[in-house]
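K.L.:
Here the protein sequences come in this chain order: Z and V. According to this note's numbering, the residues represented by the first sequence are 33 to 372, in order. According to this note's numbering, the residues represented by the second sequence are 33 to 372, in order.
No lab work stands behind these hints: they were computed from the structure. Please read all numbers here as calculations on a predicted model, not as lab measurements. Keep in mind that a hint or two might mislead.
Where chains are identical, the list cannot tell them apart; a pair therefore holds if satisfied intra-copy or between any two copies.
Stated by the list, open to error - As a list, the in silico SDA-like pairs of lysine to any residue whose alpha-carbon atoms are at most 20 angstroms apart:
| no. | residue 1 | residue 2 |
| --- | --- | --- |
| 1 | Lys42 | Leu91 |
| 2 | Lys42 | Ala88 |
| 3 | Lys42 | Arg93 |
| 4 | Lys42 | Met53 |
| 5 | Lys42 | Arg295 |
| 6 | Lys42 | Arg152 |
| 7 | Lys42 | Ser92 |
Take a look at the letters that make up each chain.
Number of protein chains: 2
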Amino acid sequence: MAPAPNVTIKDVARSAGVSAMTVSRVINRSERVSPETRRRVEAAIEQLGFVPSRLARGLSRQRTGAIAVIVPDVANPFFTLIVRGVEDVARRSGYRVILCDTRADLAIEREVIEEMMAHRVEGIVIAPVSDRSRAHLRRLQEFGVPFVLIDRLVPGIDCDVVLGDSVGGARILVEHLIGLGHRRIGFIVESDEVSTARDRRRGYEEALATAGIPLDPTLVVRASVDPAGGRKGMARLLAGEPRPTAVFTVNNLVALGAIEAVRAAGLEVPDDVALVCFDDIEYASRLYPFLTVMMQPAETFGTLGAQLLLERIGDGARPSRRTVVLPGEFVVRRSCGAAG
Amino acid sequence: MAPAPNVTIKDVARSAGVSAMTVSRVINRSERVSPETRRRVEAAIEQLGFVPSRLARGLSRQRTGAIAVIVPDVANPFFTLIVRGVEDVARRSGYRVILCDTRADLAIEREVIEEMMAHRVEGIVIAPVSDRSRAHLRRLQEFGVPFVLIDRLVPGIDCDVVLGDSVGGARILVEHLIGLGHRRIGFIVESDEVSTARDRRRGYEEALATAGIPLDPTLVVRASVDPAGGRKGMARLLAGEPRPTAVFTVNNLVALGAIEAVRAAGLEVPDDVALVCFDDIEYASRLYPFLTVMMQPAETFGTLGAQLLLERIGDGARPSRRTVVLPGEFVVRRSCGAAG
DNA sequence: AGTCGATGTGGTACCGATAACACAGTCGAA
DNA sequence: TTCGACTGTGTTATCGGTACCACATCGACT
Chain Z
33 MAPAPNVTIK DVARSAGVSA MTVSRVINRS ERVSPETRRR VEAAIEQLGF VPSRLARGLS
93 RQRTGAIAVI VPDVANPFFT LIVRGVEDVA RRSGYRVILC DTRADLAIER EVIEEMMAHR
153 VEGIVIAPVS DRSRAHLRRL QEFGVPFVLI DRLVPGIDCD VVLGDSVGGA RILVEHLIGL
213 GHRRIGFIVE SDEVSTARDR RRGYEEALAT AGIPLDPTLV VRASVDPAGG RKGMARLLAG
273 EPRPTAVFTV NNLVALGAIE AVRAAGLEVP DDVALVCFDD IEYASRLYPF LTVMMQPAET
333 FGTLGAQLLL ERIGDGARPS RRTVVLPGEF VVRRSCGAAG
Chain V
33 MAPAPNVTIK DVARSAGVSA MTVSRVINRS ERVSPETRRR VEAAIEQLGF VPSRLARGLS
93 RQRTGAIAVI VPDVANPFFT LIVRGVEDVA RRSGYRVILC DTRADLAIER EVIEEMMAHR
153 VEGIVIAPVS DRSRAHLRRL QEFGVPFVLI DRLVPGIDCD VVLGDSVGGA RILVEHLIGL
213 GHRRIGFIVE SDEVSTARDR RRGYEEALAT AGIPLDPTLV VRASVDPAGG RKGMARLLAG
273 EPRPTAVFTV NNLVALGAIE AVRAAGLEVP DDVALVCFDD IEYASRLYPF LTVMMQPAET
333 FGTLGAQLLL ERIGDGARPS RRTVVLPGEF VVRRSCGAAG
């Protein structure tokens, strides 16, 4: 109830009849404190409601014990899982995690990164917005903050990376469609400034080439990576002549919008248009196991990313940069028209 | 590339040939600096790559400009939206937001709250785990940190609250089922230690009473608030004799599990069991508009909560505590068996 | 001419913790 | 008995900023 007079280590010291240093030793569990003194100090802490300031501690110790996770969209189950993975590993190693959402906006990403530097976090796990994040990442490098890229790499930035196998995954998805007899296969993808988009496009093109299907540029459309983008992209594809019989979308949320567009056109998935995409949507698939997807081990992205980061924090000089590529799991459901 | 020698305000001062105070004035945009000096200082900041430390600033200013949002599960779309609402309002007011996920775990909640006190956040928007969060909240009060409860209130804690109309919402859902002819209506709910659970139970009971249907305790089952809980809860209900013809689940994730259990039993929703619940799952409903729900204005919970908090931070002495109750929107889809 | 207010800048003392060192007392070994 | 190692505790400086006050300068007004 009291209006919280900021209790400091000195207040505790006075109340316990010891010096501030001794209180500091108690709250940091360092050994050199007699049991009797420790008890008195702990009683004083309890009684005064003392909570040591992280600000002061961080300033004095020159380390904060915090790392940041930065993702474009916490609401996307794919990134939510990544965050969870990072948190688990970090917490187990005694690090706190600060979670930041950039909403896939480069300007917000810049702010957030600046903010994290100001917070003096000891490292960052980041799924960057796009190649244009390069400037922000360079700034981190200049500033000496170790970081690990997750899900997307950025050309020109040399660091640890954890990726899915976008090329291979896309190939498998598209080859599956081809195997089902499709020849006109659309692709809804985001800007080429995102490495996963480039890689998935490459997988798409390779699969077509292998099957001897010529690439039709009108079947590849750009869209924002959200349901709205999916709607627009699919609408464009459906307006083409002849329209594609199957579509591959760059991720889960785009697929949702694409399906809405198909329905809005009075058509059905998979009867009129077969559909495959990257990344599952757990809750949706529980309710309605519909989407055929390349499911990526998102939580593992997070745990591995955090491990790499913690290693690098421990030994910044380590020269070799590691790139981990994790294969996805191909899950066939109904949207591709293969399953009963 | 340089190993980041921590550049401080003094380095900048030296490099610009001014005092530290003047640099401080420049980075805080305070007026009293000549244009010429400002230019020199800005050049030095740029050249040295200086980023002012939030730790030092917070310590010295005795305020951090940060607030925390604490939710039980960021992956739940309901809470994700709340977070988004808080972030929007806070950012617009110049506050930074620290996001914390307690995973509905009381111990983690305690840690996280302690952590936020140590961070000296200026306020907290929190969806508490349960009534047992009372101890943590009291600690916040003692510590003098203003906070706003979202979605759940905690008896004995007097503060600003933003709630959904759980009693009324539950009544509407259950009355709808009754209107469809159901008499044996099950209820899967979490522990009575959560205010929303209590309130929804009350709405459930009131609706039954109004319709003259006697309350059958075997139709009310406790479960954890996640898909696993929903599965178990529904399994229990289905094992009853005679089994319920309709079920109301306390929230969206529980509904998912419940549906899985129905299917696992070789039955169908809504043919064999009608189903209604609180809170929509946006992505799932886009793909498959199936769940009949009481949709709550989650993002508004967040924006209002943040506004109340910011007001209180601005004027801690404000005596009157406000409770805002927001009505939900009843969305009829197929799971209740009413829609075609 | 002298006083006043505004303007731009610097000096100093903190904010709350910890690192590094100092030091008094105790105890066992030489 | 004396020395050294060890234990428990205190002193001081410092981390990187900011609040507060002092002060020099300058033009304007009585």
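K.L.:
Determine for every hint whether it applies to the structure shown.
P.N.:
Here is what the structure says about each hint:
1. Lys42 - Leu91: The answer is both: 17 angstroms in one copy and 15 angstroms across copies each meet 20 angstroms.
2. Lys42 - Ala88: Classified as both; 13 angstroms inside a copy, 19 angstroms across copies.
3. Lys42 - Arg93: Cα proximity of Lys42 and Arg93: in one copy and across copies (18 angstroms, 19 angstroms).
4. Lys42 - Met53: Only inside one copy: Lys42 and Met53 sit 9 angstroms apart there, 28 angstroms across copies, limit 20 angstroms.
5. Lys42 - Arg295: neither (68 angstroms within a copy, 63 angstroms between copies)
6. Lys42 - Arg152: Classified as between; 18 angstroms across copies, 26 angstroms inside a copy.
7. Lys42 - Ser92: both (16 angstroms within a copy, 17 angstroms between copies)
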